[in-house]
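Here's the letter readout for the chains.
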Amino acid sequence: DTAVSQTPKYLVTQMGNDKSIKCEQNLGHDTMYWYKQDSKKFLKIMFSYNNKELIINETVPNRFSPKSPDKAHLNLHINSLELGDSAVYFCASSLTGGADTQYFGPGTRLTVL
Amino acid sequence: AQSVTQLGSHVSVSEGALVLLRCNYSSSVPPYLFWYVQYPNQGLQLLLKYTSAATLVKGINGFEAEFKKSETSFHLTKPSAHMSDAAEYFCAVMGAGGTSYGKLTFGQGTILTVHP
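So the protein sequences, as listed, match chains A and B. All residue numbers for the first sequence refer to my numbering, where the first residue is 1 and numbers rise by one. All residue numbers for the second sequence refer to my numbering, where the first residue is 114 and numbers rise by one.
By construction, these hints were calculated from the structure, which means they are not laboratory data. Glycine included, each C-beta is placed from N, C-alpha and C at the ideal position. Among these hints, one or two may not hold up.
Heads up, simulated DSSO-like pairs for lysine-lysine below, C-alpha to C-alpha not over 27 Å straight-line [as the list claims (entries may be wrong)]:
#: 1; chain 1: B; residue 1: Lys216; chain 2: A; residue 2: Lys9
#: 2; chain 1: A; residue 1: Lys67; chain 2: A; residue 2: Lys41
#: 3; chain 1: B; residue 1: Lys171; chain 2: A; residue 2: Lys19
#: 4; chain 1: A; residue 1: Lys44; chain 2: A; residue 2: Lys22
#: 5; chain 1: B; residue 1: Lys216; chain 2: A; residue 2: Lys52
Some residues of chain A that are not near chain B, with every Cβ distance over 10 Å (derived) [said to hold, decoys possible]:
#: 6; residue: Thr13
#: 7; residue: Thr31
#: 8; residue: Leu43
#: 9; residue: Thr59
#: 10; residue: His73
#: 11; residue: Asn75
#: 12; residue: Asn79
#: 13; residue: Ser86
#: 14; residue: Gly98
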């Protein structure tokens with residue numbers, strides 16, 4: 001059983017479209033995260049949720065909106081996609097947040113044409 | 114504020130040789146420090162972490178790292194490289210308190226190549 005799963009694995013879309021990436025964890029963790037890894041492999045946190053409550057919100061355009069329907073799921077919706085949004089997006093989870101080990105999903109490679 | 118600098122974007126070693134990947138950090142509060150490994154087309158996997166207990170931390174796959182506060186360093190080592198160690202390695206810092214608590218800040222990564 002995959003601990004942290006993401007769908008889709010690859011996403012190719014046109015500029016201006018709206019798309020969603022889904023993330024699910026079956027580890028029973030309370031905290032989930034979204035990270036963006038750019039073309040230079042630089043990895044930066046975007047959001048963090050603890051028990052469906054937003055606790056970290058980095059400087060991310062309003063076009064990005066996370067949604068957590070329950071503590072096992074954290075989805076990322078992106079409106080009006082731009083070329084610069086092309087990246088690999090990783091979901092992660094940890095038991096309670098803080099310094100707990102973060103377990104990463106396999107990533108979603110988003111390409112905006 | 115916190116940041117991580119990994120010295121050397123590429124490191125190449127022979128199989129059986131010592132692996133040394135360098136990481137220096139900056140943090141305005143006492144840090145927690147992490148090393149993650151990323152294999153091609155996969156997510157990140159934790160190798161080891163320092164959370165203010167022993168300064169020498171042992172991780173998976175024979176890796177270890179030593180926290181040196183005076184040098185603001187957390188270098189990753191492995192005595193003998195294996196072909197399967199070839200991957201990209203990321204050092205990360207998290208403040209042990211304040212606004213950076215719970216927030217990992219990653220370095221730019223070091224690609225390790227192991228040749229026969």
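Evaluation of the provided hints:
1. B:Lys216 / A:Lys9: Cα-Cα ~25 Å, so holds.
2. A:Lys67 / A:Lys41: holds (25 Å)
3. B:Lys171 / A:Lys19: Outside the cut-off at roughly 41 Å; violated.
4. A:Lys44 / A:Lys22: Measuring from Cα to Cα gives roughly 18 Å; hence the hint holds.
5. B:Lys216 / A:Lys52: holds (17 Å)
6. Thr13: Its Cβ never comes within 10 Å of chain B, the nearest being 20 Å, so this holds.
7. Thr31: violated (8 Å)
8. Leu43: violated (4 Å)
9. Thr59: For A:Thr59, whose nearest Cβ neighbour in chain B is about 12 Å away, the distance exceeds 10 Å, so it holds.
10. His73: Holds, since 17 Å exceeds 10 Å.
11. Asn75: Given that every Cβ of chain B is farther than 10 Å from that of A:Asn75, nearest at about 17 Å, it holds.
12. Asn79: holds (25 Å)
13. Ser86: The claim stands: A:Ser86 keeps its Cβ more than 10 Å from every Cβ of chain B (closest is about 16 Å).
14. Gly98: Not fine: 5 Å to the nearest Cβ puts A:Gly98 too close to chain B.
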